Amino acid sequence: MNIKKQFKEGLITNNPVLVQLIGMCATMAITTTLFNGVGMGISVLIILTCCNVVVSAIRKIIPGEIRLAIFVVVIAGFVTIVDLLLQAYIPALSEALGVFIPLIVVNCIIIGRAEAFCQKNTVGASFFDGIFQGLGYTMVLVIMCVVREFIGSGRFGGGLIDITNGLRFTLDGTGAGIQLFPSEYGAGIMNLPFGGFITLGLLIAAMQYALKRSAKKREEKETAAKEVEE
Amino acid sequence: MLTNIISISLGAILINNFIFSQFLGICPFLGCSSKVDTAAGMGLAVVFVMGLASAICWVIDVYILVPLGLAFLETLAFILVIASLVQFVEMFLKKMVPSLYSALGIYLPLITTNCAVLGVVLLNVQNNYNFIESVVYGITGGLGFMLAIVLFASVRERVDFADYPECFEGFPICLVSAALLALAFMGFSGMKIF
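Line by line, the protein sequences give chains H and Y. Going left to right, the first sequence walks through residues 1 to 230 as the working numbering numbers them. Going left to right, the second sequence walks through residues 1001 to 1194 as the working numbering numbers them.
Extracted from the complex, chain H is given alone in its bound form (with noise of 0.2 Å):
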């Protein structure tokens, strides 16, 4: 089990979003304010990382004709607890975020999880990789969150923090947010649909960029190094 390894590849090599492609829905239609953004982004953490305890736990018991079945209803059920926890305790983030929190059902990180790792490693492996994965999830959310909210409305940590009587962190999706500048300034389709798409391809883009040139630079450093051999 090498958790260093796992850690980069969930935040950048394995990222869900930006390397794997999956769980695009919720990351273009929830990120207009950090509030959102944080509370999908742990809810899909606590979510993931439970999923895969479960299903690396029972993947010896499990059929392999009913597996997809099966990993359907443990995802289910923990979205239906951490769905109704949050109308109990944070009723403001789940009116936020509305049909999207049930939706995590048929978010393909969690079932793409299960299939891809969970099946295969130790209950622990699969709890690491539950919260790395996880936090790559929230990392990107929280990267097209700033992004929107500065851009569309000119303003940091909306929903999630107050500054009129000092800083402070709300629950309640109450705060205000840091202006950065006024709002009437803002490019306004930053917060609509247009922005979600625009801004998640720009990422996946820039990541790309960043990816091959890495790729690039160890190539030249492995043929130089054959040429000092030589």
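Read the hints as simulated data drawn from the structure, not as lab findings. Some hints could be false.
Unchecked claim - A short list of chain H residues far from chain Y (calculated; beta carbon distances all over 10 Å):
#1 Asp-83
#2 Ala-176
#3 Lys-212
#4 Ala-215
#5 Glu-220
Claimed, not checked - Footprint (simulated), chain Y over chain H, 3 or more residues, beta carbon under 8 Å:
#6 52-64
#7 130-141
#8 148-159
Note that this is a predicted model, so its numbers are computed, not measured. We put the CB at the ideal spot given by N, CA and C, even for glycine.
Knowing the structure of chain H, use the given hints to seat chain Y on it.
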């Protein structure tokens, strides 16, 4: 009643299009849109399953889950209904309408994980639609999805010949073109019905 149905239909197809304004069903939208033919096949399958799922899930919700006080199990019940429905439709079509079955091909089983289907069922419950409204919303939502995916596939066929930076290869350029289409669909958002 009729005005209600018309406003639901127009809303689902144009104003609140499932793809371009609600972000439901993005995965198949990006995955199955490289050719117009396959996009149309996928769209047709989605219309079919969304209509059926809306009808069946409405009945299950109103006559089984709510009377028994099990409304909190909606998500679990609906996803199981959709998964078995897709399986059932697949077997039925294979036996009875083989021509449609072979036209839909692999797209049929993939619909289980299409969040537009689960989304429309959950939205029906959230909006308190009655049976007819639910079915209309399901079918027209599917039609909206079909419209979006066919339009997008024809855009993508042309984008293939465009000269874009290397790092935009694959998904990024698709997302950028989808963004422009979403911008076009935004034109409907000011529309008011009745």
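A cut-off of 10 Å on Cβ-Cβ distance, and H:Lys-212 was said to be off the interface with chain Y. Does that hold? violated (7 Å)
Quick check: do three or more residues in the stretch 148-159 of chain H have a beta carbon closer than 8 Å to a beta carbon of chain Y? violated (count 0)
Minimum C-beta separation from H:Glu-220 to chain Y exceeding 10 Å: can you confirm that? holds (18 Å)
Find the nearest Cβ of chain Y to the Cβ of H:Ala-176 and say whether that gap is larger than 10 Å. holds (26 Å)
Check the non-interface label on H:Asp-83: least C-beta distance to chain Y beyond 10 Å or not. Given a closest Cβ separation of 7 Å, the condition is violated.
Quick check: the stretch 52-64 of chain H, covered by chain Y? Criterion 3+ residues, Cβ under 8 Å. Since three or more residues must qualify, the claim that chain Y covers the stretch 52-64 of chain H is violated, with 0 doing so at under 8 Å.
Far enough from chain Y: is every CB of that chain over 10 Å from the CB of H:Ala-215? Consistent with the label, H:Ala-215 stays out of reach of chain Y, its closest Cβ about 12 Å off (over 10 Å).
When I compare C-beta atoms, does the stretch 130-141 of chain H have three or more residues closer than 8 Å to chain Y? With 0 residues in contact (Cβ-Cβ under 8 Å with chain Y), the coverage given for the stretch 130-141 of chain H is violated.
This entry does not satisfy hints 1, 3, 6, 7, 8, going by the numbered hints stated previously.
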